[in-house]
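Listed below, chain by chain, are the residues.
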Amino acid sequence: MSRAKAAGPLKVAVPRGALLGETLDALDAAGIDTSEVRGESRSLIFPGQNITLVTMRPSDVPTYVEAGAADVGITGKDVLLEQSDRVVYELLDLGFGRCRMVLAGRVGDERLGESERRLGMMRIATKYPRIAERYFEGTGRQVEVIEVKGSVELAPLIGLADGIVDLVATGRTLEENDLEVREEILECTARFVANRVAHKLRAREVDGLAAKLRQGLAR
Amino acid sequence: MIHPIPPGTRDVLPDEMRELRRLHLALIGVFEEHGYGEVATPAIEYDEVLARGDGRTADTAYRFFDGSGDLLALRSDMTVPIARLVASRYAKAEMPLRLCYLANAYRAVRPQRGQMREFAQAGVELIGAPAPEGTAEVVAVLEAALDAAGLERAVIGLGDADLYRQLLAEFGIDGEARNSILARLAAHDLVGLETELSDLEGVGDDQIATCVALSQLRGGKEVLSEARALGGAAVERATARLGETLQALEARGVAQRVQIDLGLLRDLGYYSGAILEVYDPALGHVLGGGGRYDGLLKRFGIDLPAAGFALYMERVHVAQMEEEPRGGEGP
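Line by line, the protein sequences give chains A and B.
The first sequence begins at 1 in our numbering and counts up one residue at a time.
The second sequence begins at 220 in our numbering and counts up one residue at a time.
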């Protein structure tokens, strides 16, 4: 079991990668100084008077927040859904980082349908096995979900899978790899989440930050 | 040579056991001082008996058949076995009845992150003492137990189990939609809560705002008037109950650690009225919980009000170690 110290500044988990820029903009709008994170520093932790920013992979945010190692954090809904067994409080839809979780297949290729019809099962490569499993189960179809870590677009191109379930922002990557969207699964945006105990014991700070983030978004 | 044990279980070696034993003795000492007698019950019970207490435990219970084909289950808490014990052994006893325990319980969870399949709980059950006085006594014992464990910064969240059931009934939401919304509230998924409520027919924007705002109200006594300002009969009743409990706590001088929390929902099926949760700033997980379960004993054939709490011993021990450098008494 991981432990956390409650004293000191509120620890905010900040996602590196695609969500970083807009997350920092949102924090700026909420009156939090993010210049250090934007700078050249290779640090992961940026201490402040009332708030300490901790940068990490988006998929690690629920882990740190659930354990209370970070009090609150920002990450994508896709991450939260994929790790839905993690207990974090989802307090706010931040609206940015909008993208779609889709089922995609090769352009002009009927392998998805053919596998389903003739083999009773589709092979789906994805970085989001739980979202994929839930989606196909919910729509009454059988699939073999193949979890991959890297570029999932590769899988249907060289015959690992019939199609992919992946996150799409602009659709460029799909296009470049001769893939097309077949079904939309859900839409994802960035969310503000809190640790269960921090939400109770640091109520004023957590609510204050949520309110400032909300105001910043409305502007 | 390494011989594995199932995930979610563990061995305890002497250094840890010595500290745990000290903690056990301190807690049982506090319970005894307050007039609670320690009981033990079998770890295995008839599945039918446990399910009578809380049908939903079936999801996470370890169940198996014995040689004569009876379906048995490992207990997943001590409250239901003690309700069974009271109904069979103390049906004619003078009330209130004060019982305490230190026991292992079992849940078939995916073992990870401090979620153990086998875990130790220490707690009390106060049978036959109604709200608010009975609730106040249980909170007083809980406070003394936290002090004895050296967790002086620990906080007790106090909420109301009936609030949202009644509020949603008031909004005309029932059946599957109600359960789904209660699940969102329990998970504090505010985004999902708002979406789901606005997808329902006949639920207005102000009702959505009330529901979301209520779930975020936590703090001192002022929270009760803030809640009342949101209006509605369900809120009125819940805040009245909470106010009475708070008054009884103040009369006993045990209200300092208590934080009113209108967002509190416990996921066990048998709670009614006041519910409790215990937090320590040193730990990101809940240390324990409890509350009133006035309807539970009726399911076993005796209609008596009851309340209690349980602390997760492993978590209390972790918090104890984390609090030590702060000059708390430690183990």
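It should be emphasised that the hints constitute simulated quantities derived from the structure, not laboratory data.
Every residue gets a Cβ at the ideal spot worked out from N, C-alpha and C, and that includes glycine.
The reader is advised that the hints may include incorrect statements.
Just the calculated beta-carbon pair ranges, DEER-fashion [claimed, not checked]:
(1) 514/B x 109/A: 44 to 52 Å
(2) 419/B x 35/A: 41 to 49 Å
(3) 263/B x 59/A: 38 to 46 Å
(4) 352/B x 17/A: 49 to 57 Å
To spell it out: a stretch of chain B is covered by chain A in this simulated footprint if at least three of its residues, at any positions, have a beta carbon under 8 Å from a beta carbon of chain A; those stretches are [said to hold, decoys possible]:
(5) 397–411
(6) 433–441
(7) 499–507
Hints, verified against the model:
1. 514/B x 109/A: 44 to 52 Å: Distance hint for residue 514/B, residue 109/A is violated at roughly 59 Å.
2. 419/B x 35/A: 41 to 49 Å: 45 Å, holds
3. 263/B x 59/A: 38 to 46 Å: 40 Å, holds
4. 352/B x 17/A: 49 to 57 Å: Holds: the Cβ-Cβ distance is about 56 Å, inside 49 to 57 Å.
5. 397–411: holds (count 6)
6. 433–441: holds (count 3)
7. 499–507: holds (count 7)
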